[in-house]
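Protein chains in written order, with numbering that gives the first Met the number 0: chain A, 0 to 247; chain B, 0 to 369.
Just so you know, these hints were derived from the structure itself, not from any lab.
All values reported here derive from a predicted model rather than from experimental measurement.
Where hints are given, some of them may not hold.
Unchecked claim - Now the stretches of chain A that chain B is said to cover, found in silico as 3 or more residues with beta-carbon under 8 Å:
no., region
1, 63-74
2, 91-98
Said to hold, decoys possible - Selected chain A positions facing chain B (in silico; Cβ < 10 Å):
no., residue
3, D17
4, I19
5, H79
6, L113
7, P114
8, L191
Glycine included, every Cβ here is placed at the ideal spot set by N, Cα and C.
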Amino acid sequence: MKTDSVIKVEKLTAILDDKIILSDVSFKAYSGDVTAILGSSGSGKTVLLKHLLGLYPGEGNAVSVMGLNPSQLDEGQQKHFYTRLGVFYQNGALLNSLTVGENVALPLHQHTDLPPDLIERLVKLKLRLVNLQGSYNMFPSSLSGGMLKRAALARAIIMDPPLLFCDEPGSGLDPVSLASLDNLILNLQKLLGMTVIMITHEVSSIFRVADRIIFIDQGKVIFEGTLPEALKSQNKALMEFFRKGRGD
Amino acid sequence: MTGKEKNNTSCILENSVLKLYGELTIMELNKSLYDIDKALGECMDTNLVFDLENLTFIDSAGVTALYYFKDKLTAKGVNVEIRGGAQDINRKLELFGTEPENIQKGSDKTGLFEKLGSGVSYVFNEFIAGFFQLAADITYWSVSDLFRRHTSRKGEFINQAVLIGVNAVLIVGAMTFIIGLVLALQSAAQLRSFGANIYIVDLTVIAMMSEMGPLITAIMVAGRSGSSIAAEIATMKVTSETDALRTMGLNPVRFVIVPKMHGALITLPFLTIIADMCGIGGGLVIAVTSLDISPLVFIHRMQEAFLMRDILFGVIKSLVFAYIIVVTGSYFGFRVKQGADLVGKVTTQAVVVAISLVIIADSIMGLIFY
Chain A
0 MKTDSVIKVE
10 KLTAILDDKI
20 ILSDVSFKAY
30 SGDVTAILGS
40 SGSGKTVLLK
50 HLLGLYPGEG
60 NAVSVMGLNP
70 SQLDEGQQKH
80 FYTRLGVFYQ
90 NGALLNSLTV
100 GENVALPLHQ
110 HTDLPPDLIE
120 RLVKLKLRLV
130 NLQGSYNMFP
140 SSLSGGMLKR
150 AALARAIIMD
160 PPLLFCDEPG
170 SGLDPVSLAS
180 LDNLILNLQK
190 LLGMTVIMIT
200 HEVSSIFRVA
210 DRIIFIDQGK
220 VIFEGTLPEA
230 LKSQNKALME
240 FFRKGRGD
Chain B
0 MTGKEKNNTS
10 CILENSVLKL
20 YGELTIMELN
30 KSLYDIDKAL
40 GECMDTNLVF
50 DLENLTFIDS
60 AGVTALYYFK
70 DKLTAKGVNV
80 EIRGGAQDIN
90 RKLELFGTEP
100 ENIQKGSDKT
110 GLFEKLGSGV
120 SYVFNEFIAG
130 FFQLAADITY
140 WSVSDLFRRH
150 TSRKGEFINQ
160 AVLIGVNAVL
170 IVGAMTFIIG
180 LVLALQSAAQ
190 LRSFGANIYI
200 VDLTVIAMMS
210 EMGPLITAIM
220 VAGRSGSSIA
230 AEIATMKVTS
240 ETDALRTMGL
250 NPVRFVIVPK
260 MHGALITLPF
270 LTIIADMCGI
280 GGGLVIAVTS
290 LDISPLVFIH
300 RMQEAFLMRD
310 ILFGVIKSLV
320 FAYIIVVTGS
330 YFGFRVKQGA
340 DLVGKVTTQA
350 VVVAISLVII
360 ADSIMGLIFY
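Full structure from sequences and hints, please.
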């Protein structure tokens, strides 16, 4: 049984506009795993992600990421914390006014004093890892949906983070592009030795990449376990999620 | 020999072998680079070995940094060998060590005249031709839609007239009143010294009717409506609304711009007349308070200074300005291809270019009319 948890959430309750979004959410994510946080739209996945990233103010110590409570860090701690994790947003969130190379280099410019030619090498290495050679000088607006996602992934891993968050990485992609993106994430996870937390509702992705499943329904964690355990679970909501997701 | 204690990585140079210890990761890379650089600074050998035997961990940034040093030294004529250590480190050297593709920076060897020619051609094709093409398109549809009212959107013309004209009355009126006030105030002292107080009326009326009224109104409308037209069309382009209109068989120029053009052409002359009145009102206040000219005398003198021709020229100018503002706003809006960040950029460009064109057109018309 694994004990080295990277993320530990204990009894997290989130209320937005007097509405309970998350209620007593507790789970753990372990080092080196790909943990998929599942749930249908509106189940509270994105709110949970924002709590894990420290983007929502949180009271108490319900959330621990790499041993730190992300919502209660001072400026210096926060800077260090964010250099240790990568976030891959669902729409890419690349800055349209910068080239792909400049976008990917942004964290390096912000957090290091490395010489520009070394930064360029690092950026080109990461672009090569995501199969985007030759796009260094291109602008995000000239990339296809799949390329945009891969460029965003290159930016997310530029600091070699031990922890990578992926927020709905497959949204808007066709099945072939989705499969190749999943494989890319999996390869990079192994290559860079990252722990991956993937927020998704793509059942096909879960089968391809997930080691562990956390299923959220109406703001509550109703299943936590490995993928084989999830498939054997008799939980109605989870069964329904897998059944509908597979198109049965 | 160079060593360090605080950092995870340490390096020692001995007999042309740079031994690396600890972890070489991005988090400590700045410090590691400094240490390695310092150690290598003492090296005079032509053969060098990077010994990774004692390295416990390396990430992709660490591998890239090693190859970065290798290439720098090779360029100086030093043969560098990277001698791997643990299996995991060797695997990472293999995975991340491949030379990334070179960026084609391209050498710029074009001559001055070639550069000048291609620059002129670019400006003409990219800006001027496009501008006149759109202007022709808008003119054609604006005129033809006057006779085909059933094809236009119901109520849109009124809506645009309110947005462009009626909603601007207060701000245009207030601004021209203040300008009339300041103009008269600045002139009052000079006129008083010549005993020509009464000419404050002529000065204010002529300046406001023929120049300041139309110009200030156009500048205000360019700032208010020109920017909003550019932003609206640019947003429509970014969100593919213009493509959607085309695929529904609707011409975006007719659907979006023509009502704005009609609205601006109808309201700007009225707005200009209101601006003229407000500006003269400002002059009246100063004439009464500073130059002891009674309101009745002011109005009587105004009738003499007042020429129908000035009003007519003001109205013609305002029509030209309205046309320039709408075409410029639309042109910059349509220039956006993709990317939300460009919306702000083209909005600014639309206002700057519209105001510049308005001033140029004003001076040309000034030369023609007087």
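Against the structure, the hints come out as follows:
1. 63-74: violated (count 0)
2. 91-98: That given contact holds, which follows from 3 residues of the region 91-98 of chain A lying within Cβ reach (below 8 Å) of chain B.
3. D17: Cβ of A:D17 sits 32 Å from chain B, so the hint is violated.
4. I19: With a closest approach of 33 Å, the A:I19 hint is violated.
5. H79: Cβ of A:H79 sits 9 Å from chain B, so the hint holds.
6. L113: Because about 6 Å separates A:L113 from the closest Cβ in chain B, which is inside the 10 Å limit, the hint holds.
7. P114: 8 Å, holds
8. L191: Because about 7 Å separates A:L191 from the closest Cβ in chain B, which is inside the 10 Å limit, the hint holds.
When each numbered hint is compared with the structure, violations occur for hints 1, 3, 4.
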